[in-house]
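For the record, the sequence lines run as chains A and B. Per my numbering: the first sequence = residues 1 to 339. Per my numbering: the second sequence = residues 340 to 539.
Quick caveat, the hints were computed from the structure, so don't treat them as lab data. Any given hint could turn out to be false.
Only some residues are given here: those of chain A computed to face chain B with a beta carbon under 7 Å [claimed, not checked]:
id : residue
1  : K97
2  : D123
3  : G155
4  : D170
5  : L173
6  : V322
7  : Q323
8  : A324
9  : I328
10 : N331
11 : Y334
Note that the Cβ used here is the ideal one computed from N, Cα and C, for glycine as well.
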Amino acid sequence: MIVVRAPLRISFVGGGTDLPDFYRRSPGRVISTAIDKFVYVVINRTPLIDKVSARYSIAETVNHPSELKHTRIKAALLDLGIHKNIEIASFGTLPAKTGLGSSSSFSVALMRGLHGFLGRKIDKRQTAEAASRLEIELVGEPIGKQDQYAASFGGFNVLQFNPDESVDVDPVLLHYKTQLGLEDHLLLFFTGITRNASEVLAEQKTNIGKKVDTLKEMAESVHEFKEKLLNGNFRGMAEMLHARWLKKKTLASNVSNSTIDELYEAGISSGAWGGKVLGAGGDGCIMFIAPPEKKNDIRHALKKIVSEKKIADFQEIPVKFVQAGAEILYNGDYVHNFG
Amino acid sequence: MEEFIRKFGERAAELLKRLPAGEIAKALSILQATYERDGRIYVFGNGGSWAIAGHWVTDFNKTVFSAHLDEHHRRFRISRVPDTAEELTAWANDIGYDMIFAGPLANVLEDTDVVIAISSSGNSSNIIKAVEVAKKKNVPVIGLSGFDGGKLNQLADVKILVPTLKGDYELVESTHDTIMHLMTVYFREYFAHLAETNQS
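Kindly generate the complete structure, drawing on both the sequences and the hints.
Below is the structure:
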């Protein structure tokens, strides 16, 4: 058995510039960090069972991977030529579709684990490339590459997406005081409204032609955000996010909906310096950067709105940043010889 | 005499002024990641570097957590390989001196671990053999070298090079010791802060 995990991520600036329609014209750039919430993938070899089994929100057992409903497991197994004698299960700290990149974290953990299953050791970059290829080329999802790299590498990084498809990973190495300081200033809420990133991104993608200048500006601003982060200028970071949030609303019509707008405005008027909706969609999670003494006011203001609107799943998610990326936690795989 | 003493101090100070900060920061990040996944740290070197490895074990396993020993749900897990002189001589005598680190390391190394290799020349063949064991497993290698860095500096994922003239073992080893202590202080303050703010 092999147990792999990959962290979820918070993306601060540059989302959307990791889509090929943009970075093939001009380098895309994203700054993000891995957090202490994980997707776990468990892979088990079943020498006496000539089937493929996938266990996630449902359980599937089929004779051949081509019969699987789970698009990523299916594509990965077909591509790697694994056709039987395998069980794959996934577990997560958080539910899917939170805007924290969990679907790519899954792909990253899956690819790392499947290569381990085949007796290959792949590094962080190879893992990120394999997961990006799986999602974008093999499954054909209209998504970018930032999440696969963020989940595979871990820690804070500036990711640059070059027109030749290469990706530069520049780790932002913070003193623990800066890291803990940012944790102190950060608030993350699961809004309880989930969506499918592909839907919103599909629309964003069609709009990219018109938005090139805005995206260029976003990719460029990553440098400034990184400087502020290194200097522990949390207010400056938040103010950049606030400006971005206003701009991002012009990117795709449904990037923001009224409930999210209301939550965001409530956070700002309760003292947050800035924030953003996480992920590509109009919902998922909402994050604020705020003075620590204002955090309770913000919590109360948001809770008031969700209780009025009866959004049952709304929940604060405490966050710590992690240096850890995708990693095999346990590898007890053993190739049985049944003659 | 005093001239000699002053000059040695100046050369040592010069090296300390130019510590490879970027690479040391990378090492801190990798060690932190290893701690997060409860992996193990393996450290080794020859002669004076073997002594630094032993000191490293003491400081990371104990000193780093000294202020609140019982309050951390998890502490570093660092060992010097091989564990005993018996094992060292067995590998050296039966297999070859080249294998004194690589042999024992191959027994224990897992995917979640990290390796710290210390070699002033960067070319000790027993060190390089052990680094190759780690590379084969894709386990990150933090390499502390001197002189021109040698093979170790080429192979290591984190390249902590103290550049000196060939043969300046004492200056290289003293600087490696300081780098080890720098990391000790960083983590001691970090873990003390976590304990004092109930985050450990």
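Hint by hint, here is what the structure shows:
no. : hint : in the structure
1   : K97  : 25 Å, violated
2   : D123 : 5 Å, holds
3   : G155 : 6 Å, holds
4   : D170 : 11 Å, violated
5   : L173 : 4 Å, holds
6   : V322 : 5 Å, holds
7   : Q323 : 4 Å, holds
8   : A324 : 4 Å, holds
9   : I328 : 4 Å, holds
10  : N331 : 6 Å, holds
11  : Y334 : 15 Å, violated
Figure legend: structure checked against the earlier numbered hints; hints not met, in rising order: 1, 4 and 11.
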